[in-house]
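Protein chains: 2
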Amino acid sequence: MTFDLATLVQPATSKILLVVLDGLAGYATADRGTELEEADTPNLDALAAAGTTGMLDPVGPGITPGSGPAHLSLFGYDPFDYHLGRGALSAAGLDVHLNPGDVAARGNLATVDERGIIIDRRAGRLPDLEAVEVIRRLNEGVSIDGVEVLFVHEAQHRVLVVLRGADLDPHVDDTDPQKNGCPPLAPMAQTRAATHTAGVVAEIDRQARHVLAEQPKANAILLRGLDSHRQLPTVQERYGLRAAADAIYPMYRGIGRLVGMDVIGPPVTIDEQVLLLKEHWDGYDFFFFHHKAADSAGEDGNYDAKVAAIESLDAVIPQLMDMTPDVIAVTGDHATPSQMAAHSWHSVPVLVHGELVGRDHVERFGERYCIQGALGRRPARELMPIMLNVAGRLAKYGA
Amino acid sequence: MTFDLATLVQPATSKILLVVLDGLAGYATADRGTELEEADTPNLDALAAAGTTGMLDPVGPGITPGSGPAHLSLFGYDPFDYHLGRGALSAAGLDVHLNPGDVAARGNLATVDERGIIIDRRAGRLPDLEAVEVIRRLNEGVSIDGVEVLFVHEAQHRVLVVLRGADLDPHVDDTDPQKNGCPPLAPMAQTRAATHTAGVVAEIDRQARHVLAEQPKANAILLRGLDSHRQLPTVQERYGLRAAADAIYPMYRGIGRLVGMDVIGPPVTIDEQVLLLKEHWDGYDFFFFHHKAADSAGEDGNYDAKVAAIESLDAVIPQLMDMTPDVIAVTGDHATPSQMAAHSWHSVPVLVHGELVGRDHVERFGERYCIQGALGRRPARELMPIMLNVAGRLAKYGA
Chain U
1 MTFDLATLVQ PATSKILLVV LDGLAGYATA DRGTELEEAD TPNLDALAAA GTTGMLDPVG
61 PGITPGSGPA HLSLFGYDPF DYHLGRGALS AAGLDVHLNP GDVAARGNLA TVDERGIIID
121 RRAGRLPDLE AVEVIRRLNE GVSIDGVEVL FVHEAQHRVL VVLRGADLDP HVDDTDPQKN
181 GCPPLAPMAQ TRAATHTAGV VAEIDRQARH VLAEQPKANA ILLRGLDSHR QLPTVQERYG
241 LRAAADAIYP MYRGIGRLVG MDVIGPPVTI DEQVLLLKEH WDGYDFFFFH HKAADSAGED
301 GNYDAKVAAI ESLDAVIPQL MDMTPDVIAV TGDHATPSQM AAHSWHSVPV LVHGELVGRD
361 HVERFGERYC IQGALGRRPA RELMPIMLNV AGRLAKYGA
Chain D
1 MTFDLATLVQ PATSKILLVV LDGLAGYATA DRGTELEEAD TPNLDALAAA GTTGMLDPVG
61 PGITPGSGPA HLSLFGYDPF DYHLGRGALS AAGLDVHLNP GDVAARGNLA TVDERGIIID
121 RRAGRLPDLE AVEVIRRLNE GVSIDGVEVL FVHEAQHRVL VVLRGADLDP HVDDTDPQKN
181 GCPPLAPMAQ TRAATHTAGV VAEIDRQARH VLAEQPKANA ILLRGLDSHR QLPTVQERYG
241 LRAAADAIYP MYRGIGRLVG MDVIGPPVTI DEQVLLLKEH WDGYDFFFFH HKAADSAGED
301 GNYDAKVAAI ESLDAVIPQL MDMTPDVIAV TGDHATPSQM AAHSWHSVPV LVHGELVGRD
361 HVERFGERYC IQGALGRRPA RELMPIMLNV AGRLAKYGA
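Those protein sequences? They're chains U and D, same order as listed.
Per the numbering used here, the very first residue in the first sequence carries number 1; after that it's consecutive.
Per the numbering used here, the very first residue in the second sequence carries number 1; after that it's consecutive.
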């Protein structure tokens, strides 16, 4: 549809709380239900019973989403229209704020031999403490006229590289060949405008090998996914919402920031997340409350830990409800079945609770209950208009 | 989809009956079900049991529809592609047929003070009898060279204004500022082509104040939503249907007329509606039978009256079935939950009954039964192709 929802947005004093259990969904097998179905979740079940439920498809049918597009969908942005490159997501994940004109890339510390052939493109998954020292040397030693080059450690061999200066353009091919046994690729400009940037990347490659020549493992850096600052339309522009992101992991605060949310905290524990929410309750219309633990346990293939992670979120629901949100929605950004130890394409259960929502026949929060719910199965990006409407924030369409 | 359904349309002698209970859907709360679920509807339940059911989304996810787009969806028209402005809908609602080139606007009789400041933009919600007299004076007193100006009373202070003449263009801003305490706005042309029409509107404003100078309350008229005749493709062109609209309320007859339906009647009671249907049964392929009462009761916030309105429609189902339609579909155009006393975004139950439809497991007509139905939850505009197909009116697609 070419329709612009912003034309219907009207002011209201209501509060919307979106709780995202990262990687919430799973799948049942012959011997047991999904992690959510088996978890003891009396508070989520009560909300599901008193509200209305359904299933969300994060990005598209049969598509396994990354965290970026999965969250954009939950915020009502079609992830095929709004693309976040690896560089921009890496920056968001590190709370590094890109300015217009900046170019960011994901870097791998790597090992090359004396002929310049890559023998380990992860430099033996360099321990963090060693990596920090290598990155300090890069920041001190790499210097390019007119371009500020910043190396920021992510974890192990993974580095964010930010270029800041005039006339930069991200349309440059990767230098990372994504395999061992060959030399790093020469950085090729995809467009005439990117010629200068390709030269900068080549110079970074050259200087980095010089600076790191004596390093036993990390003696080169490979770049991929060059990307620029992305100005997404904000939730304020699209929905008239003053929104706050309340997340322990930096990447999720970063994604919230990319759509114009204020970051509160940062919190370190779920109890701090709840306190932050209470503290900022009067200042915002919309709260994005992110819970990471279910995804981490799923990625580890740990069924029991994922059950426990879901139960730990259930335990704070009464405190969230004490703040009396006009609308609360609880869902996941995607599935992370512990059987797969990875993200998957499966649909994700959702519950929406509020005075103007109504209730369906579903009495428990779980995949095979919610598929019977009144919201049906639908794209995740449809959740936002529904939350806005039941919060009284959308005018009637047409006479 | 870019596919054109018309390419599949084939002739048939079958009859399709679409029964629309306006504002049918509602939502359940802890203490009771929806109005439809609680209503005693043995005839609708029997159709649901013998047919197939589902839920329809009138316009879009989380969007509360007005009556115009909601009905267009039921007739198979994407309401984001086919927009009806307030002027055109007001005209349809009054059985005033706009010609190509006409411009229509919604007018408010208003009170201005001696300085020309609006002190009541509804003229004290002028009683109908007083309004009719004011409008008679306007029709007699306002006279513009080359343009026929027609004032038609709607109700209280509400007036339809139709301009008919050469070179008219609806792209003129409202004169109604939508608030008191300021003068009426000067009519501004949005395009060069609308300059003449803006001048006509200014002259209407001037003459109306002169004609109504002695009126105690209604001494000015404010215009908004200038709109032109809209030539929608007809149901004959799109579906090969000779169609009839059978509705007590003029607005719904008008919407039917806008998509090329003949208006039969008009009826005043539901019994007259049934008689009209019988009388015209042989002359048409498709019948739009509109029942307003459920919406009116919902808008009044009267749960019991809405239940009764639904039951009054249920009572005539046997007479409708006596006419042996090949396909009967019963649904609503949108939800009007009596808890909200307003239209809402909620999905609407639908049943489709006919020899070639089949049956699902749903035994009763109600929101929380139909969500389990074989049609699933889908956009309302998908109902029309389904009705056409089970009426034998769509050829196979592809070899």
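Among these hints, one or two may not hold up.
Copies of the same chain are indistinguishable here, so a pair counts whether it falls within one copy or spans any two.
Said to hold, decoys possible - Straight line, CA to CA, 25 angstroms or less: simulated PhoX-like cross-link-like pairs of lysine-lysine: (1) Lys278 <-> Lys179; (2) Lys15 <-> Lys278; (3) Lys179 <-> Lys396; (4) Lys396 <-> Lys15; (5) Lys15 <-> Lys217; (6) Lys292 <-> Lys278; (7) Lys396 <-> Lys217; (8) Lys179 <-> Lys15; (9) Lys217 <-> Lys292.
Honestly, the hints are just simulated from the structure, not real lab data.
Find the hints from earlier in the document that the structure breaks and name them by number, from lowest to highest. Failing hints, ascending: 1, 5, 7, 8 and 9.
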